[in-house]
Amino acid sequence: RLSLRSRHFSLPAVTAVISLPGRWIGILVLYAVHKGQFNCPGGGLLHSYLLGLIILLASIICALFALVYVSMQGTISNPGPRKSLPKILYTRLLLYFPEFIWAVVGAVWVSDNSVQCEKTVINGVIGTVIASWIIIIFTIIGVVIVFDPLGGKKTFYLPDGVSRNLESSQSGQLLYNVKSSATRVWEKRIRLLCCCIVQDDDHRVAFTSIAELFRSYFSDTDLVPSDIAAGLILLHQEQDKMENCPKDPEEVLCHSPSSLVTDDLDVELENAAHYMLFAAAAYGWPYYVYTNPYTALCKLNGDCCRNRPTDSDITGSDRHNFHFGSILKITGLQYRDFIHISFHNKIYEIPFFVALDHKKEAIVVAVRGTLSFEDILTDLSADCEDLTLEEVLENGFVHKGITQAANYIYRKLINDGILNQAFTIAPEYKLVIVGHSLGGGTASILAIMLRNSFPTLRCYAFSPPGGLLSKSLADYTKHFIVSVIVGKDLVARLSMPNMEDLKRRIVRIVANCNRPKYQILLRGCWYEVFGGDPDDFPTELDGRNQDALTQPLLAEESLMVHRSPSYNALEEEPHLNSPPQYPHLYLPGRIIHVVEECSSRRLCSSDIKYTARWSNETVFSSILISPKMITDHMPDVVLKALNSLSQEHASCLSC
Numbered sequence: 001r002l003s004l005r006s007r008h009f010s011l012p013a014v015t016a017v018i019s020l021p022g023r024w025i026g027i028l029v030l031y032a033v034h035k036g037q038f039n040c041p042g043g044g045l046l047h048s049y050l051l052g053l054i055i056l057l058a059s060i061i062c063a064l065f066a067l068v069y070v071s072m073q074g075t076i077s078n079p080g081p082r083k084s085l086p087k088i089l090y091t092r093l094l095l096y097f098p099e100f101i102w103a104v105v106g107a108v109w110v111s112d113n114s115v116q117c118e119k120t121v122i123n124g125v126i127g128t129v130i131a132s133w134i135i136i137i138f139t140i141i142g143v144v145i146v147f148d149p150l151g152g153k154k155t156f157y158l159p160d161g162v163s164r165n166l167e168s169s170q171s172g173q174l175l176y177n178v179k180s181s182a183t184r185v186w187e188k189r190i191r192l193l194c195c196c197i198v199q200d201d202d203h204r205v206a207f208t209s210i211a212e213l214f215r216s217y218f219s220d221t222d223l224v225p226s227d228i229a230a231g232l233i234l235l236h237q238e239q240d241k242m243e244n245c246p247k248d249p250e251e252v253l254c255h256s257p258s259s260l261v262t263d264d265l266d267v268e269l270e271n272a273a274h275y276m277l278f279a280a281a282a283y284g285w286p287y288y289v290y291t292n293p294y295t296a297l298c299k300l301n302g303d304c305c306r307n308r309p310t311d312s313d314i315t316g317s318d319r320h321n322f323h324f325g326s327i328l329k330i331t332g333l334q335y336r337d338f339i340h341i342s343f344h345n346k347i348y349e350i351p352f353f354v355a356l357d358h359k360k361e362a363i364v365v366a367v368r369g370t371l372s373f374e375d376i377l378t379d380l381s382a383d384c385e386d387l388t389l390e391e392v393l394e395n396g397f398v399h400k401g402i403t404q405a406a407n408y409i410y411r412k413l414i415n416d417g418i419l420n421q422a423f424t425i426a427p428e429y430k431l432v433i434v435g436h437s438l439g440g441g442t443a444s445i446l447a448i449m450l451r452n453s454f455p456t457l458r459c460y461a462f463s464p465p466g467g468l469l470s471k472s473l474a475d476y477t478k479h480f481i482v483s484v485i486v487g488k489d490l491v492a493r494l495s496m497p498n499m500e501d502l503k504r505r506i507v508r509i510v511a512n513c514n515r516p517k518y519q520i521l522l523r524g525c526w527y528e529v530f531g532g533d534p535d536d537f538p539t540e541l542d543g544r545n546q547d548a549l550t551q552p553l554l555a556e557e558s559l560m561v562h563r564s565p566s567y568n569a570l571e572e573e574p575h576l577n578s579p580p581q582y583p584h585l586y587l588p589g590r591i592i593h594v595v596e597e598c599s600s601r602r603l604c605s606s607d608i609k610y611t612a613r614w615s616n617e618t619v620f621s622s623i624l625i626s627p628k629m630i631t632d633h634m635p636d637v638v639l640k641a642l643n644s645l646s647q648e649h650a651s652c653l654s655c
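Using UniProt numbering, you'd call the opening residue of the sequence shown number 1 and step up by one each time.
I should point out that these hints are in silico values taken from the structure, not numbers from a laboratory. These numbers were taken from a predicted model, which means no experiment stands behind them. No residue lacks a Cβ here, since even glycine has one placed at the ideal position from N, Cα and C. Everything hinted at is true.
Only pairs whose alpha carbons sit at most 30 Å apart, straight line, appear in this in silico BS3-like list of lysine-lysine: (1) Lys430 <-> Lys471; (2) Lys119 <-> Lys35; (3) Lys412 <-> Lys400; (4) Lys360 <-> Lys329; (5) Lys360 <-> Lys609; (6) Lys299 <-> Lys329; (7) Lys346 <-> Lys188; (8) Lys188 <-> Lys400.
Pairwise CB distance ranges (calculated): (9) Leu193 <-> Arg411: 26 to 34 Å; (10) Gln647 <-> Phe373: 31 to 39 Å; (11) Ile414 <-> Glu243: 43 to 51 Å.
All chains should be built: construct the whole structure from the sequences, respecting the hints.
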């Protein structure tokens, strides 16, 4: 589908307007410099090609400038001032045909052996032909990925209650066909993006599951990337306004813990800082090189020729011993301290290692986080499934992909006798399971599985994904799991309900802002880079009471085709025997929230101070917009924050 909504073209057209004039000027200079050198055999063909290309590109640039100018008129939800846009768009589309034909003609003429002009002239023309084909190829790839073959069929999506009434009718069959077609479209896109990895039955199941997730999430909106960017900018500034408001006394009092709680927090922070080293080490050489960019390769090269240790069991590929060498350097352990190391990586099967930690007298199972396409597919397999456990009164729902990864490690630890081997060597040691990101989520579910066999085990989950455990399981894990979240970490707040909430907030604030989108984006970029006071963009929401805001405005309804199935599942009473596809899931265990005490908002600061407090899962029930929402998730940032707090506590004790 080529939608004629004007907001679709503003940013792509701006990008083309920026790149095309440079290309046009370059060709014009080439033509002017070599204008008198086309008297050679075949030179007339090259002369005609360059002259035709100059005229063609000038026409395309004019069309794009007109496209950008008209696209900037009006607001996102008010397309009236942009009613002439379809004609300009069709003009630009028609120019693709002569552009393609001229590229073919140029390739034929340049490859003609009868052309005997100077080498510089021929090379210059060859360069322009190659540039034309590169642009055409990337345009085709973009169309294949973005093109929506369903077009207006999206409007046939209906709420679940209506669809149930239509199941036996022709309309119900049409609705089913549209949903199936949308799922297949997303599945083809995912297969295209993952074309470089070997695909088996597990991949095919994951592709279908992920396609269903994307279909259910994106089926009810008519947003484009630039709309989402504008919405995130507006939400961030609105959020900053709220944070600058004075807090209620009750909210301040609830963050004043007792001395007993503070002592417990200090102990857990010290443990977390220690075990975060193991979670970071599980990433292997990519993490070590990232944190030591100037010296890592030299240090690893010195160890690459050493023989692998015979005392530890290593599976998977580790060329030149880089992964294991990095783990040794990060943890400070010896060869003999490792019981098992697995670098094997497939979908639902992630790397981990088992080592003896003599400092804490613990057997540590460290699970790696997301580092490959296979890991991303595991993350996105976000369906829910039951976790059946003996002697647990209330079984609950868990993230399907992460649970399968935990099952894989569980089988390796128990069935292959890895834990038995470790406890044979150190029977008095306790079991500790750690991981970061995907590794943190996997470690948490693995700890639940092993809890009955090892009642004293502990688990430290660093920045685990938010949509992990149902409420009953999250409460059950508070006795043995500690989650550590830094700042406004996005991943710790990721769940389908939170994503649906973010989508509704974006639609509402974007659809009802009375400023053109280009103004929102330009001012927002300035605010994100240089800071300052949040802009006070006027909206149609201003002046309306809270009761009125519960009903969608006309502009908002124009951007929402219907409520997606996942969103409907959140509000309807679930069936007794079949849970919603994406119910509310929460972070595991007790939660330590680490935040920056004071620092420069935009510029890097070396003296960032952190503060930590016990938190609860409701604090992470909404996605917060921030320039640091991604960096706060990075393992080096988490380790830096924990080390800072641990050192501060140690210095206080010494004083």
